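Please model the entire structure based on the sequences and the hints provided.
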Amino acid sequence: MAFSGEHSFRMKALESELFQFRIGELATMTGASTRQLRYWESKGIISSLIREGEQEARVYNYKAYVTVASIKQFLDEGYTLQGAVKKTKEYQKNWHVLHEVIRHSVQGMAVLNNAPAVDLGFFDEDKTQRLYAQIDENNKVKYTVQPWDDDSTRIE
DNA sequence: GTTCTGACA
DNA sequence: TGTCAGTA
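Taking this note's numbering, the leading residue of the first sequence gets 59, the next gets one more, and so forth.
Treat the hints with caution; some may be incorrect.
[Unchecked claim] Quick list of simulated restraints, FRET-style, between CB atoms:
1. Tyr137 to Asn171: 39 to 49 Å
2. Asp207 to Glu99: 41 to 51 Å
3. Glu148 to Arg96: 41 to 51 Å
4. Lys198 to Glu148: 28 to 38 Å
Hints listed in this document are in silico derivations from the structure and should not be mistaken for laboratory results.
For clarity, every value in this text was computed on a predicted model and none was experimentally measured.
Each residue gets a CB set at the ideal place from its N, CA and C atoms; glycine is no exception.
Structure, rendered in structure tokens:
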């Protein structure tokens, strides 16, 4: 059966400089208060992007989000701020592994057998097969390896 | 309406 | 850390 993928879009890097938010949004996203975010920044635990003046609104990037989300999680688990920061730093050393795997794996959406699928990229070194993930009626993830067809319609 | 800094509890 | 004040 020939592969008939219809790639609707390609995911841009999560760390894109376009992926930014202000303190209120970051607070909502992570559950941390704006007071905490400012306090942590004053302690050098987190950092926002460079501001023109002190009165300018803070802008955070994806890295700040991941850091805050991690600290907040450990805080909720009962760690002190100091402990949560320590834990976060320990994991932070290895985040590049998760980051690279995700960046190289999830390449976008595709349509397989008339059903939505996540394009997980090439399955083999020779780049002849591609891995796709789909979910069934019970939301269980199913993986499918399909021969890569260079002639398939693709939107870059 | 949102964010900023500083101050008080 | 929450909250309120007075700004920008």
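We went through each hint and held it up to the structure:
The beta-carbon spacing between Tyr137 and Asn171, approximately 46 Å, falls within the hinted interval of 39 to 49 Å. At roughly 50 Å, the beta-carbon separation of Asp207 and Glu99 lies within the given 41 to 51 Å, and the hint holds. At about 25 Å, the CB distance of Glu148 to Arg96 disagrees with the hint of 41 to 51 Å. In this structure the supplied range 28 to 38 Å holds for Lys198 paired with Glu148, their Cβ-Cβ distance being about 33 Å.
Comparing the model with each earlier hint shows a violation of hint 3 alone; every other hint is respected.
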